[in-house]
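Q: Single-letter residue listing:
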Amino acid sequence: MSAGFAQRAIQLAFLILAGGAWYALTQARVVSPLFLPPPQAVYATLTRLLATPQFWSAVQVTLTTIAKAYGIAIVSGVFVGYLITRSRFWTDVLEPVIAGLFTIPITLFFPLFILFFGIGPASKVAYGATYGFFPIALNTIAGLAHADERYLRAARSMGASGFDTFRHVLLPGALPVLLTGLRVGFFICFASVLGGEALSSIAGVGRNIALSAELMESARMYAWIAFVICTAVTLNFLMTFIENRAASYEAAER
Amino acid sequence: MSVMDTSEGVFMGMPRARAVALTRWAIVATAALALELYGRFFADPAFMQPVSAILRAWIDPVLSDARIIRALMDAVVEIAVAYALSIICGATIGIAIGVSNFARKSFLPIVLLLYAIPQVTLMPLFILIFGLGAAGKIAFGFSHGVFPVIVNVVAGMRNMNPLYLRAVQSMGGTRFDTLRHVIFPNMVPAFFVGLRLSMTLTLLGVILAELYVSTGGIGYFTRLFAENFNPAPLFALIGSLATIAILFNSLVRVAERRLTPGARAPGKLNLSGAKSR
Chain H
895 MSAGFAQRAI QLAFLILAGG AWYALTQARV VSPLFLPPPQ AVYATLTRLL
945 ATPQFWSAVQ VTLTTIAKAY GIAIVSGVFV GYLITRSRFW TDVLEPVIAG
995 LFTIPITLFF PLFILFFGIG PASKVAYGAT YGFFPIALNT IAGLAHADER
1045 YLRAARSMGA SGFDTFRHVL LPGALPVLLT GLRVGFFICF ASVLGGEALS
1095 SIAGVGRNIA LSAELMESAR MYAWIAFVIC TAVTLNFLMT FIENRAASYE
1145 AAER
Chain F
-1 MSVMDTSEGV FMGMPRARAV ALTRWAIVAT AALALELYGR FFADPAFMQP
49 VSAILRAWID PVLSDARIIR ALMDAVVEIA VAYALSIICG ATIGIAIGVS
99 NFARKSFLPI VLLLYAIPQV TLMPLFILIF GLGAAGKIAF GFSHGVFPVI
149 VNVVAGMRNM NPLYLRAVQS MGGTRFDTLR HVIFPNMVPA FFVGLRLSMT
199 LTLLGVILAE LYVSTGGIGY FTRLFAENFN PAPLFALIGS LATIAILFNS
249 LVRVAERRLT PGARAPGKLN LSGAKSR
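The listed protein sequences correspond, in order, to chains H and F.
First residue of the first sequence? That's 895 in this note's numbering, and the numbers climb one at a time after it.
First residue of the second sequence? That's -1 in this note's numbering, and the numbers climb one at a time after it.
Next up, chain H with everything else stripped away, as it sits in the complex (with noise of 0.2 Å):
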């Protein structure tokens, strides 16, 4: 108990002299207000900013686009994941394939999903979706393909049709992986987007953090960069959470 309690006052201590750090440094004016502005001027344009319909504007095409990506990415890697698993001659040739793609950066590939879709939120769909894909297929594959022989020999021979086989069996025995797959899927969907939108963009939360680092506005570019990040350790909490409570469900049930 108090281990733990020096541990929690260590990482305390630790936020609180990176703060502290961070308002000395500004104060004494050691580091140009253009590379690092005094935190409660961040705070200030914060504030501001969540005031103003342009914020919600954006933030609400980046959601749109994450939303569509990730949409697009659970059904395309469940889908095709599921499908090579039915044949492990198939899982035997195409993981190998899909895990070695995932390798290569996609990010090279972002001027060709430009040149394709455009600079609207299209081109951030596809992309999102695409890197989405690779984790998602690559767990359900490993979720799916390596169910308990045995299980499924008992429920086919208790008569099991293909569709409850996986309802009873394949599911519940790939769920743990498979979440663990959407949760990481989701983060790099959400970070994909933001960076092709930083990369090339019209609209959207990464192109105004770009956009205010062009224009040298640096209150303003770590304001968004807070909120970004404050909804990325949220959303981070809460997906550990479900997974979580899924898993203990899961082993409840079984």
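Rather than coming from a laboratory, the hints here were simulated on the basis of the structure.
From a predicted model like this one, the values you see are computed outputs, not experimental measurements.
Ideal Cβ positions, reconstructed from N, Cα and C, are used throughout, including at glycine.
Possibly wrong hints are sitting among the right ones.
To be verified - Just so you have them, the derived chain H footprint on chain F, three or more residues with Cβ under 8 Å: (1) 16 to 23; (2) 94 to 105; (3) 119 to 126; (4) 223 to 235; (5) 241 to 253.
Mind docking chain F on chain H? Use the hints.
A: The following block gives chain F in isolation, referenced to the frame of chain H:
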């Protein structure tokens, strides 16, 4: 039912492994052929060109333009430097954090919190601070590559059979002996998992920054070709970068196979903390 196939045995009169490899190559060949036919007969040449035209463009504007070669070489150097920095700093920080239970429980959550931040949002900031040259790209690649090394070094030092530790102690080993002869060798497989992931992310970071900075380097040429609707050299340039990425990845894999004691695939890492045994 096909799920019941055994992994060994014969497939269509061939050993199974060869059938798998052949099918894989057949897929690649079919895809290339389909692209060639599509590019030749159906596609708008402003968006897609046949594979043969891309290969020609690879030899002519891409490989014969000294500026593009220069940009590609710069990217290679940036990736190598960012990766080396990631390994050195990641291993140092990882060992410092993983060396005691207390340090790990205190500092690993901070590392994981930083790891969870989408670094792309910081890309304009990196470029603003480090400039448009190689330094910004290296720093951005490093910010991607260092975290998986830290996390996996910590995990590797943790998934430790307590029996070994007790054995060293009972044989009178010092703390240094324990590190040198038990903890480090035990850490190697996890370390290489981190190195592999780190390479993927370093490549991502450097290439993202390369594409973001469009005043020079690769980003300039991709933008030039894309905006002039000149897809053949664009595909060729991207293909060259993909080849570089694949080479870097295979380098890590070869090093892993050479340097891991007892050649075998490293097991799945257990980051959640439960003992793997």
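Q: Now tell me if each hint is right for this structure.
A: Cross-check of the supplied hints:
Counting residues of the segment 16 to 23 of chain F whose beta-carbon sits less than 8 Å from any beta-carbon of chain H gives 4, enough to reach three: the coverage restraint holds. Here's how the segment 94 to 105 of chain F fares: 4 of its residues keep a CB closer than 8 Å to some CB of chain H, so the rule of at least three is met and the hint holds. Here's how the segment 119 to 126 of chain F fares: 7 of its residues keep a CB closer than 8 Å to some CB of chain H, so the rule of at least three is met and the hint holds. Counting residues of the segment 223 to 235 of chain F whose beta-carbon sits less than 8 Å from any beta-carbon of chain H gives 6, enough to reach three: the coverage restraint holds.
Under a criterion of three residues with beta carbons nearer than 8 Å to beta carbons of chain H, the stated coverage of the segment 241 to 253 of chain F is upheld, 3 such residues being counted.
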